[in-house]
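Trainee: Start from the sequences and build out the full structure, keeping to the hints where you can.
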Amino acid sequence: MSAVIQAIDLGLPVQARLPEAVRRVRPPQASASTTQVAPLVPAAPTGRSPVPTWLLVALLVVGAHAVVVGAKLGTSQPVPVRNEVLVELVKPVVVPPQQKPEPPKPKPEPPKVVKKQASPPPPQPAPALRTPVASEVIPADAVVIQENTTAAHTTGPVVAAPPAPPAPEPVKEEPVTEPNAYASYLSNPPPEYPSFALRQGWEGKVILRVRVLASGKPSAVEVKTSSGRKSLDEAAVAAVRGWTFVPSKRGSTPIDGWATVPIEFKLSN
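Per the UniProt record's numbering, residue 1 is the first one in the sequence shown, and the count goes up by one each step.
Derived from the structure by calculation, the hints contain no laboratory data. Please note: incorrect hints may appear among the correct ones.
[Unchecked claim] The calculated lysine to aspartate or glutamate pairs, modelled on EDC-like cross-linking and capped at a C-alpha distance of 16 Å, are:
id, residue 1, residue 2
1, Lys224, Glu173
2, Lys205, Glu222
3, Lys249, Glu178
4, Lys266, Asp233
5, Lys266, Glu178
6, Lys205, Glu234
7, Lys230, Glu192
8, Lys230, Glu203
9, Lys205, Glu192
10, Lys217, Asp256
11, Lys249, Glu203
12, Lys224, Glu234
13, Lys205, Asp256
14, Lys217, Glu178
15, Lys266, Glu203
16, Lys230, Glu264
Mentor: Next comes the structure, spelled out in structure tokens:
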């Protein structure tokens, strides 16, 4: 049987795969001029009818395939069976917290009725003993003198109250003058035009607020209104810090004060 399987696997003709018992002996061919082919005759004639060749071949092929399939099934490894475990997630049941019963509210106690004790009646004062009062004898002269004295007081001269002093005259405030930085004798130098602003052709007006001491020197310089260019503002502040001012005066006395200084940067044609 193994020879038959090998013959089938190698693709040999069916006649080569058959055993010797079932082979058909082909008679010797006739001469070259003969064209008839003798039919296959079984090797050993029996009393039964001959089995068709195609049936034997089909049975052998089926048997060979059955052997091959059986061998493969015998050698195949068993497929392991997977034991699947199904896990079902159960949502826990949330038990609502039980509310504790509120304790019964205590009943309000009825107000206690306080019985007022009857206070004993106050002791009555003993009746005072009346003592006879001797009536005073007023002399007639004394009465007359008293009348005369009262009359003298009422008929005396009336003295007028002194007049109120006149109100003091209001103190006249002396006029206050603001500091001045443009006096002809001060000769304050103008601010220097920044070179970068000069190249760019920038122009603008800066208004400064200056705190001037009584000595005429500035103590603080602030930009009240900017020119829109930082370099022009800084140049104006730097120049005014070195200026000398005529201080503010109250009357003829120099005092500290504030001055407003406008500075304009303008390119000449």
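Trainee: Give a verdict on every hint.
Mentor: Results of checking the hints against the structure:
Among the hinted pairs, Lys224 with Glu173 is inconsistent with the structure: their alpha-carbon atoms are about 30 Å apart, more than 16 Å. With a C-alpha separation of about 14 Å, the suggested pairing of Lys205 with Glu222 holds against the 16 Å cut-off. A distance of roughly 7 Å separates the Cα atoms of Lys249 and Glu178; the hinted pair therefore holds under the 16 Å criterion. Pair hint Lys266 plus Asp233 holds up; C-alpha atoms about 13 Å apart against a cutoff of 16 Å.
This hinted pair does not check out: Lys266 and Glu178 have alpha carbons roughly 27 Å apart, beyond 16 Å. For the proposed pair Lys205 and Glu234, the alpha carbon gap of about 12 Å is at most 16 Å, so the pair holds. Distance hint between Lys230 and Glu192 is fulfilled; the C-alpha atoms sit about 14 Å from each other, no more than 16 Å. The suggested pairing of Lys230 with Glu203 holds, with an alpha-carbon distance near 12 Å, which does not exceed 16 Å.
Distance check on the hinted pair: Lys205 and Glu192 sit about 14 Å apart at the alpha-carbon level, within 16 Å; holds. Taking the CA atoms of Lys217 and Asp256, the gap is near 10 Å; set against the 16 Å cutoff, the hint holds. With a C-alpha separation of about 35 Å, the suggested pair Lys249 and Glu203 falls outside the 16 Å cut-off, and the hint is violated. Distance restraint check for Lys224 and Glu234: the Cα-Cα separation of roughly 13 Å lies within the 16 Å cut-off, and the hinted pair is therefore satisfied.
Restraint check for Lys205 and Asp256: the C-alpha separation of about 26 Å exceeds 16 Å, so the hint is violated. Among the hinted pairs, Lys217 with Glu178 is consistent with the structure: their alpha-carbon atoms are about 14 Å apart, no more than 16 Å. For the suggested pair Lys266 and Glu203, the alpha carbons sit about 5 Å apart, so the restraint of at most 16 Å is met. Using a Cα cut-off of 16 Å, the hinted pair Lys230 and Glu264 holds, with the two alpha carbons roughly 14 Å apart.
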